[in-house]
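J.: Heads up: the protein sequence lines correspond to chains F and P, in order. Read in order, the letters of the first sequence correspond to residues 157 to 343 in the numbering used here. Read in order, the letters of the second sequence correspond to residues 35 to 224 in the numbering used here.
Calculated from the structure, these hints are not laboratory results. Quick caveat: nothing in here was measured; it's all calculated off a predicted structure. Heads up, a few of these hints could be off.
[Stated by the list, open to error] Here are a few chain F residues that face chain P, going by a calculated C-beta distance under 10 Å: (1) A182; (2) K206; (3) S223; (4) E251; (5) V269; (6) N270; (7) R272; (8) A287; (9) F300; (10) Y304; (11) V330.
[What the hints assert, rightly or not] Interface residues of chain F toward chain P, partial, derived using beta-carbon atoms under 10 Å: (12) N184; (13) S186; (14) T188; (15) R204; (16) E224; (17) M227; (18) G253; (19) M288; (20) C289; (21) V302; (22) A305; (23) R322; (24) G325; (25) E329; (26) K333; (27) L334.
Backbone N, C-alpha and C define an ideal beta-carbon position, used for all residues, glycine too.
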Amino acid sequence: MASSKRVSIMPAPKPPFSCAPNIVIADNASLTGTHPISVGPQSVIHPRTKLNSTYAPITIGSSCIISERSMIGLQSAPSDYQTKGVVIGNGVVVEVGAVVEAMEIGEGCVIEVNARIGKGAVIGKHCKIGAMCEVAEGDVIGDFTVVYANGMRRVDRGGVEDLKLRMVGRQVEVLRKLIPSNPAKFQ
Amino acid sequence: MSKKPVKGEYIETDTGNKVSRRSQIIGTTNIILGGKTVIQAEVIIRGDLLRTYPPSNPSEKQGNPVAVAIGRYCFFSRGCELRPPGKLYRGTFSHYPLKIADHVFVGPGSIVEAALIGSHVHIGSNAVVGKFVIIKDFVRILDGAVVPPNMVIPSFSIVAGRPARVVGEIAEGEIEGFDLREVYRSVGNA
Numbered sequence: 157m158a159s160s161k162r163v164s165i166m167p168a169p170k171p172p173f174s175c176a177p178n179i180v181i182a183d184n185a186s187l188t189g190t191h192p193i194s195v196g197p198q199s200v201i202h203p204r205t206k207l208n209s210t211y212a213p214i215t216i217g218s219s220c221i222i223s224e225r226s227m228i229g230l231q232s233a234p235s236d237y238q239t240k241g242v243v244i245g246n247g248v249v250v251e252v253g254a255v256v257e258a259m260e261i262g263e264g265c266v267i268e269v270n271a272r273i274g275k276g277a278v279i280g281k282h283c284k285i286g287a288m289c290e291v292a293e294g295d296v297i298g299d300f301t302v303v304y305a306n307g308m309r310r311v312d313r314g315g316v317e318d319l320k321l322r323m324v325g326r327q328v329e330v331l332r333k334l335i336p337s338n339p340a341k342f343q
Numbered sequence: 035m036s037k038k039p040v041k042g043e044y045i046e047t048d049t050g051n052k053v054s055r056r057s058q059i060i061g062t063t064n065i066i067l068g069g070k071t072v073i074q075a076e077v078i079i080r081g082d083l084l085r086t087y088p089p090s091n092p093s094e095k096q097g098n099p100v101a102v103a104i105g106r107y108c109f110f111s112r113g114c115e116l117r118p119p120g121k122l123y124r125g126t127f128s129h130y131p132l133k134i135a136d137h138v139f140v141g142p143g144s145i146v147e148a149a150l151i152g153s154h155v156h157i158g159s160n161a162v163v164g165k166f167v168i169i170k171d172f173v174r175i176l177d178g179a180v181v182p183p184n185m186v187i188p189s190f191s192i193v194a195g196r197p198a199r200v201v202g203e204i205a206e207g208e209i210e211g212f213d214l215r216e217v218y219r220s221v222g223n224a
């Protein structure tokens with residue numbers, strides 16, 4: 157026993173993964189952790205996205221787009237109240253390199269490039285978190301808020317939320333053609 | 035076991051491109067490299083995000099589809115990303131090609147979703163260049179700038195801030211600093 161230098165390294169256990177049959181998940185997305193990850197119908201997960209359920213479960217709604225290099229899920233142990241883990245609503249777009257540890261993200265939000273959303277934060281519906289903006293831990297952001305520049309905030313009730321959701325839907329349809337999907341790998 | 039005794043970090047192509055083995059290039063068939071371009075480790079280039087909207091002029095010859103076109107002597111530092119921008123146009127969503135001219139430097143950790151980048155452009159580290167930005171020749175984008183979508187940056191500008199705006203001009207004497215031939219030569223397996 158001691159002689160074998162090469163201890164066989166077990167591949168990291170796959171997290172319990174449940175998804176609708178018509179999602180797009182790229183081959184080299186990475187899913188780690190032990191808590192369940194579920195992805196709703198029509199969602200797209202780009203290559204090199206990191207979904208980490210080591211500390212708490214992840215729930216992603218329908219028609220979401222999760223871009224490459226973004227990190228979804230808690231990166232450290234959660235506080236007591238975040239038992240549901242990270243819940244992302246329908247039609248949410250997470251752009252490149254964003255870090256999402258939020259308790260809840262409402263419908264139709266856009267999390268732009270390199271934005272960071274801290275643990276336990278709650279983001280309302282149709283919000284936009286601008287590029288490189290940060291939302292502090294436990295912060296609560298109301299519906300229709302736009303966070304931009306160095307944490308400035310305003311409320312934008314443009315009234316075009318339905319159109320935006322439709323646009324995300326169109327984008328999903330296009331990405332479906334472009335990104336080869338392999339959900340079987342993760343199950 | 036392998037034929038070559040030592041494998042260097044970079045793969046050198048016939049046209050003199052130096053591409054790191056640890057770069058993450060997706061959709062290689064849709065990317066054009068002009069030659070003498072350096073791509074460092076952990077750079078992501080999304081060649082798979084092709085234009086799906088049919089070209090306006092049907093007589094246009096249908097060659098290979100291009101998602102990312104890069105000129106000569108460009109330098110892409112560690113961990114940066116090139117991503118063709120996408121938008122909704124006449125009710126259909128499509129990505130559009132990202133075109134980069136010569137002597138373009140992109141700093142570490144920057145994310146570029148521009149439509150067009152001219153020659154001799156320097157993009158600092160951890161900058162974000164928004165969707166459909168047009169950058170003309172001899173432009174310097176400072177570290178950590180967030181260039182908003184659809185911005186057009188005129189030649190000889192210095193751009194910085196969140197959101198980015200033009201903060202200065204490039205003097206005539208500074209033009210030499212943009213030449214990347216020396217930088218290209220300094221990178222290699224040795």
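J.: Is the interface hint satisfied for F:N270? The criterion is a beta-carbon contact with chain P at less than 10 Å.
T.: Holds, because the Cβ-Cβ distance from F:N270 to chain P comes to roughly 6 Å (cut-off 10 Å).
J.: Quick one, is the F:R272 hint okay against chain P at 10 Å, beta carbons?
T.: 13 Å, violated
J.: Using Cβ atoms only, decide whether F:A305 comes closer than 10 Å to chain P, and label the hint accordingly.
T.: 5 Å, holds
J.: Please verify that hint: F:V269, Cβ, nearest Cβ of chain P, below 10 Å or not.
T.: For F:V269, the interface hint holds, since the closest Cβ of chain P sits about 5 Å away, which is under 10 Å.
J.: Report holds or violated for the interface hint on F:A182, using the least CB-CB distance to chain P and a cut-off of 10 Å.
T.: 9 Å, holds
J.: Using Cβ atoms only, decide whether F:K206 comes closer than 10 Å to chain P, and label the hint accordingly.
T.: Because about 13 Å separates F:K206 from the closest Cβ in chain P, which is outside the 10 Å limit, the hint is violated.
J.: Measuring from the C-beta of F:R204 to each C-beta in chain P, is the shortest one below 10 Å?
T.: 6 Å, holds
J.: Under 10 Å is the threshold here; is the Cβ of F:C289 close enough to any Cβ of chain P for the hint to stand?
T.: Holds. Min distance 9 Å.
J.: Could you check if F:V302 really has its C-beta closer than 10 Å to a C-beta on chain P?
T.: Constraint on F:V302 not satisfied, violated at 12 Å.
J.: May I ask you to test the interface hint for F:G253 with respect to chain P, counting a Cβ-Cβ separation under 10 Å as satisfied?
T.: 6 Å, holds
J.: How about F:R322: closest beta carbon in chain P under 10 Å, or not?
T.: 9 Å, holds
J.: Is the interface hint satisfied for F:L334? The criterion is a beta-carbon contact with chain P at less than 10 Å.
T.: 5 Å, holds
Comparing the model with each earlier hint shows violations of hints 2, 7, 9, 13, 14, 17 and 21; every other hint is respected.
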